[in-house]
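Construct the entire structure; sequences and hints are all you get.
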Amino acid sequence: MATYLLRRFLLGIVTLVVITLIVYGLARNMPGNPLTVQLGESDPSRKLNPEDQRRMLEIYGLDKPWPVGYVQWVSKLARGDLGRSITRKQPVTKLIGERIGPTVLISGTALVLTWLLAIPLGLYASARSGRLDERVVGVGLYVLYSFPAFVAALFLQIIFAVWLRGTSWELPLFGMSDLPSDASFYARVVDIARHAILPVVCQTYVVLAYNSRFIKANLEEVVRQDFIRTARAKGAGPGRVLIRHAFRNTLIPLVTLLGLSLPALVGGSVIIEQIFTWPGMGRLFFESIRERDYPTIMGLTFMFSLLTLAGQLLADLLYGLVDPRVSVD
Amino acid sequence: MTAAPLLAINDLVTAFETPAGRLPAVDGVSLAIGRGRTLGLVGESGCGKSVTAMSILRLVASPGRIESGSIQLTVDGESLELTSLPERRLREIRGGRIGMIFQEPMTSLNPVFTVGDQIAEVVRLHRRAGRTAARARALEMLKLVRVADPEQRLDAYPHQLSGGMRQRVMIAMALACEPDLVIADEPTTALDVTIQAQILELLADLRRRLGTAILLITHDLGVVAETCDDVAVMYAGRIVEQAPAAELFSRPLHPYTIGLLAARPDADRRGSGPLTTIPGMVPPPQEFPSGCRFHPRCGYARQPRCAAEVPPLREIRPGHFVRCHFAEEISP
Amino acid sequence: MKPHDASSRPPSRGFWAEAWVRYRGRPIGMIALAFVVFLTVVAAFAPAIAGTKPVICRYKGRLYMPCLGYFNRRWEAPIFTKDKFRGTYPQNLKEKDPDSWAIWPLVFQDPYRRVRDNEWPGRPENPSRDEGRPTAVNLFGTDQYGVDVFAKMVHGTTIALLVGFVSMGLAGSIGIIVGAVGGYFGGWVDMLTSRLTEVVMCIPTLVLILALVAVVEKPTIWKTMAIIGATGWTGIARLTRAEFLRLKESEFVMAARAAGAGPVRIMLRHILPNALAPVLVPITFGIAAAILIEGSLSFLGFGPPPPTASWGSILNSARSNLQLWWLVVFPGAGIFLTVLAYNLVGEALQEATDPRLREARK
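Protein chains in written order, with numbering that gives the first Met the number 0: chain Y, 0 to 328; chain D, 0 to 331; chain S, 0 to 361.
What the hints contain is simulated information worked out from the structure, not anything from laboratory work. Keep in mind that the hints are not guaranteed to be accurate.
[Unchecked claim] Restraint ranges, calculated between C-beta atoms of paired labels, are given here:
#1 Y:Trp162 - S:Ala229: 40 to 46 Å
#2 Y:Val161 - S:Glu94: 44 to 50 Å
#3 S:Ser249 - D:Gly35: 47 to 53 Å
#4 Y:Asp181 - S:Ala241: 56 to 62 Å
#5 S:Arg61 - Y:Leu163: 58 to 64 Å
[Said to hold, decoys possible] To give a feel for the contact side, a few chain S residues facing chain Y, derived at Cβ under 8 Å:
#6 Ile30
#7 Leu191
#8 Arg194
#9 Ala213
#10 Val263
#11 Leu314
#12 Leu339
Remember, it's a predicted structure, so these values are computed and weren't measured experimentally. Just so it is clear, CB atoms sit at the ideal spot from N, CA and C, and this is done for glycine as well.
Here it is, written out as structure tokens:
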């Protein structure tokens, strides 16, 4: 197990290095770079004023040759310095620090909800496979899975913010909170919760649909294995067979799925936070792209990738715990 | 046999509903196993012997189902009809009164639980044993099946054991609750020859010590000759011959059995010519011949009777049953 | 005595024919496939379905197909610019050549601009904003500028399918090459390709795409497709690698090597045809994903600049006009149904070419 983890960790480092290379490569190819002769072509709104240009040169070492600039940037990274935002004139790390909370609130809740719901749904679907109620639910999940999140977001907005305006069912359209900061703690919690409902729903349902179908398909495959027949021959009842024998084996691919779903979650947050004007990292990313705020773009890209990588390592760790063929050798 | 047999199968029909039609894998099979006796069920692949075994515990995989017939198990003087027993009671029988050993020890054990856990599970399902008691019993069983280092092996995972050891674990699981009958479905087919011998010897020894009845399913006549009291030969879903082992091997009466025995490579006949074979191939269920299913390959067949009429299973000699119209006239 | 004769069984049909038979047996898969075919037809014939340019017309003695101008500016014959048509055909044709005739598209609307007063004889200009509700003239309504939504949807189909096929063509090529090389050669080559795949998988797709879009000078639809293709190959690569790992141990590969075939020949000619079937499945799912991504990009405002009509851009304009529900319903339904159809086709394809079923047939 220890060797397995060590290997995964080292590979993770390699992956991280390659990610930094890619991010730096992107940075060096940004339009508006005074060292490339493209200033005339890029539109004026994207042109950087001399002050910003100098700062960018500094951050990315664009005035130095490739390897030197890269090393310079990476050593800054290692110290936690992601550069300074051009448009907001603040360190990128500070900006991320402000925004990470709201993103975790939405994406984290969505992640937890997804797994809390997908597992029972998957178990139920596999236990009642082929019957009418399972087929109806199956079709429903399939439809949900194909329904784009941003379209659903618009629909939900129309329903809850426009058609139901003025009723007690109304949900707010934008932002995280409407109350001033001196309002009572409880009122603010409720207010934030009300604002969070729609974004969380949009982030949850697609992944939920996919995961529960995955669990069901996996369970059905596991149930066909010989050791399930052995369990039944021992006199185990259907519940015990499903939950103790089958599901325990499904955990193995499930954990892998968890690791794989993290990038999608992050990507989804970009769109969802934008639609609902939720002040998270995704929205920051979006805004900085529109403003061509390159340091923030690069810093965030790196952060997202880092988070995903960390998530994958965590998933690898869980995998090692869950599969004795890996942990006991 | 004066006492009622432990297990009596009567006219069992188990069929599969497939897109290709209804396939009767088991087509009117009748068997009886006496208490403490070993019955060998022999036949080539696809003759329906495994399905017969699965039918006893109602473990036949869909789209197969038991269509008709009866399977009676005698428990504490009471006779239970297994085909119609409520599911909950059947679960008490499975593992409790009838144990089962499967062919593939590699895949028949759950990879995520320790071997000790899996043996203990049987105990806890059928006896009201706590964790420690069940674990102790598991250890006892491992010793019984002669696994080396049993204390260590209790906490081993299946992937850490060899094929022979896994099969011993399966046997331990099957015997843990001291069942009256053990069904062994080709227990040695997937193992190396040397291991085969060890497992068979183990089974024989256990049977001697515990008095368990065994239904041994195999395609290997040599195995049957060594370990079984009675033998039943199966072909295309039907029993074609049944007799005590000694009688069957010395005086086979059904053309198929005669062919099987003649086909064995015999070390004593070295250099005396080509090996004998039975011409043709085992028919798949979609293409079962009419009448006697063996007649297309039978050297003794006489038409039109063999193709037109299904021969009944008749007692030709005491205790020796044959399904052939002309059994009296056949000599090996 | 009749021996059981192997030649009396019906001949086997070959893998793809068998798979097609299995596919045919699934009604949902067939419906989805029919829908996909329908979409392809719409996409191919978009200018003939909705547009303000004639499909065929005879002008000054010669035949022209001005509708092709919707596909490519240059395919609209220069004579119409010379004669100062300025894109308005009905009046000008009649005025400048009384002998001219024209076959018009099914629906006279334009995806890029608002149809003007009396442009089509007797019809007022397109309404806009709140009056732009779906009517007989504007089947799906109009957007806030008065541009017909139906025409936009029809032409958007061309964009959507183009995005799906081109980006997945690129992704498929990259993925198959990376996966095949890694799976076949193994060792450190496999380590490299696997790391590469992992890295690209690690950076969230949308983030990477947006970052690339930010870096690219002028985001045209083709560059967007290239970017989607360049980031969406990881699933295909992994599957291809798994298939190649499995197949390279097959006996037919050993036979080919014993006959002296080199690695490229073995990979292309022997292994790839066998590995193709399961790989088609993630490619099909990828088409759905690509359409979704392009929709998201247009929706966020990063899609191709106007006047290219894409479903996502209609939804973009819906964001600030939530009361115009038709701006959400129709493009939303369009994207949803298309993605659903491709997902269903992919699933049915998967079941029809399931390797486990393949094994059982041996």
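Do the hints match the structure? See the list:
1. Y:Trp162 - S:Ala229: 40 to 46 Å: holds, 41 Å
2. Y:Val161 - S:Glu94: 44 to 50 Å: About 47 Å separates the Cβ atoms of Y:Val161 and S:Glu94, which means 44 to 50 Å holds.
3. S:Ser249 - D:Gly35: 47 to 53 Å: About 50 Å separates the Cβ atoms of S:Ser249 and D:Gly35, which means 47 to 53 Å holds.
4. Y:Asp181 - S:Ala241: 56 to 62 Å: holds, 59 Å
5. S:Arg61 - Y:Leu163: 58 to 64 Å: holds, 60 Å
6. Ile30: At about 13 Å, which exceeds the 8 Å cut-off, the nearest Cβ of chain Y leaves the hint on S:Ile30 violated.
7. Leu191: violated, 10 Å
8. Arg194: holds, 6 Å
9. Ala213: holds, 5 Å
10. Val263: With a minimum Cβ separation of about 27 Å from chain Y (threshold 8 Å), the hint on S:Val263 is violated.
11. Leu314: Because about 6 Å separates S:Leu314 from the closest Cβ in chain Y, which is inside the 8 Å limit, the hint holds.
12. Leu339: holds, 4 Å
Consistency note: the structure conflicts with the earlier hints numbered 6, 7, 10.
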